[in-house]
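Visitor: Sequence:
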Amino acid sequence: MDLVMKLPQMIRKVFTPFINMAKPLKPPLFKSITAGESSYSSQNSSSPEVIEKVGKAVAEGDLQKVIYTVKEEMQSKSRYTVKIAVTGDSGNGMSSFVNALRLIGHEEEDSAPTGVVRTTQKPACYSSFHFPYVELWDLPGTGVTAQSMESYLDEMQFSAYDLIIIIASEQFSSNHVKLAEAMQRMRKRFYVVWTKLDRDISTSTFPEPQLLQSIQKNIRENLQKAQVRDPPIFLVSCFSPSFHDFLDLRETLRKDIHNIRYRDPLETLSQVCDKCINNKALSLKEDLMFTKHLEAAVSPPYDIADLERSLDTYQKLFGVDNESLRRVAQSTGRPEMSTRALQFQDLIKMDRRLRLMMCFVVNILLRVLGSPWWFGLWDVVTRYFRHQRQKRIIEIVAKNTKTSLRRALEDYTLPPEILCEGSGVPSSGIQAASGSFCIEP
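Numbering (UniProt numbering) for the sequence shown: 1 to 441.
Since the hints were made in silico from the structure, they are not lab data.
Wrong hints could be hidden among the right ones.
Calculated lysine to any residue pairs in the SDA-like style (CA-CA distance at most 25 Å, straight line) [unchecked claim]:
no., residue 1, residue 2
1, K255, F206
2, K53, T268
3, K53, R406
4, K196, Q210
5, K391, E323
6, K399, F131
7, K255, K53
8, K178, A124
9, K56, E267
10, K83, E251
11, K71, G105
12, K255, P132
13, K71, I51
14, K196, Q213
15, K399, Q210
16, K188, T268
17, K275, L317
18, K275, C125
19, K53, K122
20, K77, K122
21, K53, Y80
22, K275, I51
23, K399, N279
24, K196, E267
25, K178, A226
26, K316, Y126
27, K122, G105
Estimated spans, in silico, between C-beta atoms of each pair [what the hints assert, rightly or not]:
no., residue 1, residue 2, range
28, S47, Q171, 24 to 32 Å
29, S214, C125, 47 to 55 Å
30, S47, A226, 47 to 55 Å
31, E417, A305, 46 to 54 Å
32, L282, K71, 46 to 54 Å
33, G333, P232, 31 to 39 Å
34, Q227, E323, 14 to 22 Å
35, R220, E135, 25 to 33 Å
36, S128, G333, 30 to 38 Å
37, R309, Q224, 55 to 63 Å
38, S242, P209, 13 to 21 Å
The C-beta atom is built at its ideal place from N, Cα and C for all residues, glycine as well.
All chains should be modelled from the sequences, with the hints used to inform the complete structure.
Guide: This is how it looks when you write it as structure tokens:
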């Protein structure tokens, strides 16, 4: 009799670690800007109609439609005009830099006017065949109209640009720091470019490597004091556009133009998919009617067939079952995407939480508690563990769907040159892990 009275306490002690381990993960919050999403603001955004169409397809578990919708959207971005603003203190050589970046001389017809005195009184737009579908805006320098920095920022309308290049020479002034602070606050991509390096080298008493290091250090220290993250910094001479950091600047600029044109909008749409998948997973976990429907169709809570059927059901709902993946592979022409869906045994091996909830001790206890001898006294406990197992499966399928859909979108919707630029070799879309639909640890 004493043993019977003490049994609830004994069971509670045994189950507590598993209950704590089985607590569902909180779905990640969907933020407009996160580490996962582009950390920069841009004018290159998708329309509400496209976002709604993608979200609806994800909610319906139609990954084929998701991929095709995003593919069409990425194709429409190929001719998006990237706007780059060049700013800095007056007299720092912004116009000379614009000409050097375009690889044209100051005397050429379409060159930006340069001179000893201030030559740029209002924003001027230039283009170059070296950077197709890119506008280079030569802005008036700070101090041209004796405005405060706040007024200058408002008048120049930096929010309309995708990337900002801050030009400095002779000294990295408080205006440069304020510009960098403003760009960081507005979440704009920005560079710091030190021009007139040829003059610095010719007049300095320090060896060239020491001088370059000193300039870089001074810029970084001033930015760090203002708590501005380190931007790309380039030291150049506008009279030698093939030397010093100019080549690195061109390559970085080319990559960022591609990022603005393709990767940023793709990341935003991927975040839309993530949010919809999170919402769907949360809805499934909270849908008691759906859970009861599953319960009614299965045998005791320790029956593996119960969980296998749940896994199949959830993969169909998220569109990552065998048949759905086969259709996606056929429609996209990517055979690697027909990898068979995640199998239950793979899931057990890969997920520690579920493995603990399926261990021998738990199964034995559930068999004991599910015995008719208890007249249903422990049904609440057995149902709780069934729910926790199913919720964990939902979380795993949702996480795996997000990871694999991201890979599929990147592989199928980005131009090949962008893929090679990002990783050297495309990932393989919805990949296999141990012969199954991949699962991230």
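Visitor: Indicate, hint by hint, whether the structure satisfies it.
Guide: Here is what the structure says about each hint:
Annotation: proposed proximity of K255 to F206 is violated, straight-line Cα distance about 34 Å (limit 25 Å). Straight-line distance between C-alpha atoms of K53 and T268 comes to about 14 Å, which keeps the hinted pair within the 25 Å bound. Taking the CA atoms of K53 and R406, the gap is near 17 Å; set against the 25 Å cutoff, the hint holds. For the hint pairing K196 with Q210, the CA-to-CA distance comes to about 17 Å; that is within 25 Å, so the pair holds.
With a C-alpha separation of about 23 Å, the suggested pairing of K391 with E323 holds against the 25 Å cut-off. At most 25 Å may separate the alpha-carbon atoms for a hinted pair to count; K399 and F131 exceed this at roughly 39 Å. A threshold of 25 Å between alpha carbons decides the hint, and for K255 with K53 the separation of about 29 Å lies outside it, so the pair is violated. For the given pair, K178 sits about 22 Å from A124 by alpha-carbon distance, which is consistent with the 25 Å threshold.
A distance of roughly 18 Å separates the Cα atoms of K56 and E267; the hinted pair therefore holds under the 25 Å criterion. For the hint pairing K83 with E251, the CA-to-CA distance comes to about 17 Å; that is within 25 Å, so the pair holds. Restraint check for K71 and G105: not satisfied, since their Cα atoms lie roughly 40 Å apart, outside the 25 Å limit. Taking the CA atoms of K255 and P132, the gap is near 13 Å; set against the 25 Å cutoff, the hint holds.
Between K71 and I51, the direct Cα distance comes to roughly 13 Å. Compliance with the 25 Å bound is thereby established for this hinted pair. In summary, the hint linking K196 to Q213 is supported, as the alpha carbons are separated by about 16 Å, within the 25 Å threshold. Distance hint between K399 and Q210 is unfulfilled; the C-alpha atoms sit about 50 Å from each other, more than 25 Å. At roughly 16 Å between alpha-carbon atoms, K188 and T268 fall within 25 Å of each other, so this suggested pair holds.
A distance of roughly 16 Å separates the Cα atoms of K275 and L317; the hinted pair therefore holds under the 25 Å criterion. Distance restraint check for K275 and C125: the Cα-Cα separation of roughly 39 Å exceeds the 25 Å cut-off, and the hinted pair is therefore not satisfied. Taking the CA atoms of K53 and K122, the gap is near 41 Å; set against the 25 Å cutoff, the hint is violated. For the hint linking K77 to K122, the alpha-carbon distance of about 29 Å lies beyond 25 Å, and the restraint is violated.
In summary, the hint linking K53 to Y80 is supported, as the alpha carbons are separated by about 21 Å, within the 25 Å threshold. For the hint pairing K275 with I51, the CA-to-CA distance comes to about 11 Å; that is within 25 Å, so the pair holds. Simply put, K399 and N279 have alpha-carbon atoms about 12 Å apart, close enough for the 25 Å limit, and the pair holds. Of the pairs offered as hints, the one joining K196 and E267 is violated, with about 37 Å between alpha carbons and a cut-off of 25 Å exceeded.
Note on K178 and A226: the hinted pairing holds, with a Cα-Cα distance of about 8 Å set against a maximum of 25 Å. Pair hint K316 plus Y126 does not hold up; C-alpha atoms about 52 Å apart against a cutoff of 25 Å. Note on K122 and G105: the hinted pairing holds, with a Cα-Cα distance of about 21 Å set against a maximum of 25 Å. The given range of 24 to 32 Å is broken by S47 and Q171, whose C-beta atoms sit roughly 45 Å from each other.
At about 35 Å, the beta-carbon gap between S214 and C125 misses the expected band of 47 to 55 Å. The supplied range of 47 to 55 Å is broken by S47 and A226, whose beta-carbon atoms lie about 36 Å from each other. For the pair E417 and A305, the beta carbons lie near 49 Å from each other, so the given range of 46 to 54 Å is met. Separated by about 28 Å at the C-beta atoms, L282 and K71 break the suggested range of 46 to 54 Å.
Here the CB-CB span from G333 to P232 is close to 38 Å, well matched to the stated 31 to 39 Å. Between Q227 and E323 the beta carbon distance is about 53 Å. The supplied range of 14 to 22 Å is therefore violated. Taking 25 to 33 Å as the suggested C-beta distance range, the pair R220 and E135 conforms, at roughly 30 Å. As the Cβ distance of S128 to G333 is approximately 36 Å, the hint placing it in 30 to 38 Å holds.
The hinted window of 55 to 63 Å between R309 and Q224 holds, with their beta carbons roughly 57 Å apart. Distance hint for S242 and P209: a CB-CB separation of about 19 Å, consistent with the stated range 13 to 21 Å.
Hints 1, 6, 7, 11, 15, 18, 19, 20, 24, 26, 28, 29, 30, 32 and 34 from the earlier list are contradicted by this structure; the remaining hints agree with it.
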